[in-house]
Amino acid sequence: GNSVTQMEGPVTLSEEAFLTINCTYTATGYPSLFWYVQYPGEGLQLLLKATKADDKGSNKGFEATYRKETTSFHLEKGSVQVSDSAVYFCARTTSGTYKYIFGTGTRLKVLA
Amino acid sequence: NAGVTQTPKFQVLKTGQSMTLQCAQDMNHEYMSWYRQDPGMGLRLIHYSVGAGITDQGEVPNGYNVSRSTTEDFPLRLLSAAPSQTSVYFCASSPQGMNTGELFFGEGSRLTVL
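Going down the list, the protein sequences come from chains A and B. When you line the first sequence up against the numbering used here, it's residues 1 to 112, in that order. When you line the second sequence up against the numbering used here, it's residues 1 to 114, in that order.
Hint data in this document are derived by calculation from the structure and do not stem from the laboratory. Worth double-checking, as some hints may not be accurate.
Result set (SDA-like, lysine to any residue): computed pairs, CA atoms no more than 25 Å apart in a straight line [said to hold, decoys possible]:
#	chain 1	residue 1	chain 2	residue 2
1	A	K99	B	D56
2	A	K99	B	R77
3	A	K99	B	Q17
4	A	K99	B	V12
5	B	K9	A	Q45
6	A	K52	A	Q81
7	A	K99	B	L114
8	A	K109	B	G42
9	A	K68	A	F18
10	A	K56	A	A112
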């Protein structure tokens, strides 16, 4: 089937630590992959995306690479800040439809 | 530029009451959708629309109705609210014809059903 699995949180890091949030997907076809971020009390907003295998999406120091061979799209940042504290959602489109599938979200807390 | 606007932001209902969550977007997006967000469940698609007059069911459509009479508006109706519908609801839109397209979200509507 079509699904998205991401690591459970919460993830707690100190400022300037390295961040990885794992995301894997199952799919038929070739979905586009996304990371969305939700700050407290707000709606989701796009962080980055990749539309085909080996593409790397990047934004605000975050990056993720579309790995078809491992069906993964892990989110990384070299040095997190307190302002990065939020919930991060991995998502994918479903080929041939307009349905987006979201993971369950990973809460990140960055301590000063 | 308002983007996606949802109203109300908060609502408390009693079991069996009906209500409509409003969603409007000013970006001329063809695609609009409704999600509910529950702890540990992520976002689940309720209904979506690919254009005026066209709607379809998502993952969890039971208990909800939608209509799309204009490009701008996509209201979500609860005909007889149940406690299981207590959730945060998000409306999202995207340009049609771009299945790689970004979703633009409203700020959410928190609904409590007693």
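So, going through the hints one by one against the coordinates:
1. K99/A with D56/B: Roughly 10 Å separates the two Cα atoms, so the pair holds.
2. K99/A with R77/B: Holds, because 20 Å separates the two Cα atoms, which is no more than 25 Å.
3. K99/A with Q17/B: Not satisfied, since the Cα-Cα distance of roughly 29 Å exceeds 25 Å.
4. K99/A with V12/B: The given pair, whose Cα atoms are some 29 Å apart, is violated under the 25 Å limit.
5. K9/B with Q45/A: Holds. K9/B to Q45/A sits at ~18 Å (cutoff 25 Å).
6. K52/A with Q81/A: At roughly 29 Å apart (the allowed maximum being 25 Å), Q81/A and K52/A break the hint.
7. K99/A with L114/B: 31 Å, violated
8. K109/A with G42/B: Cα-Cα ~18 Å, so holds.
9. K68/A with F18/A: 24 Å, holds
10. K56/A with A112/A: 29 Å, violated
In the structure shown, a violation is registered for the earlier hints numbered 3, 4, 6, 7 and 10, in ascending order.
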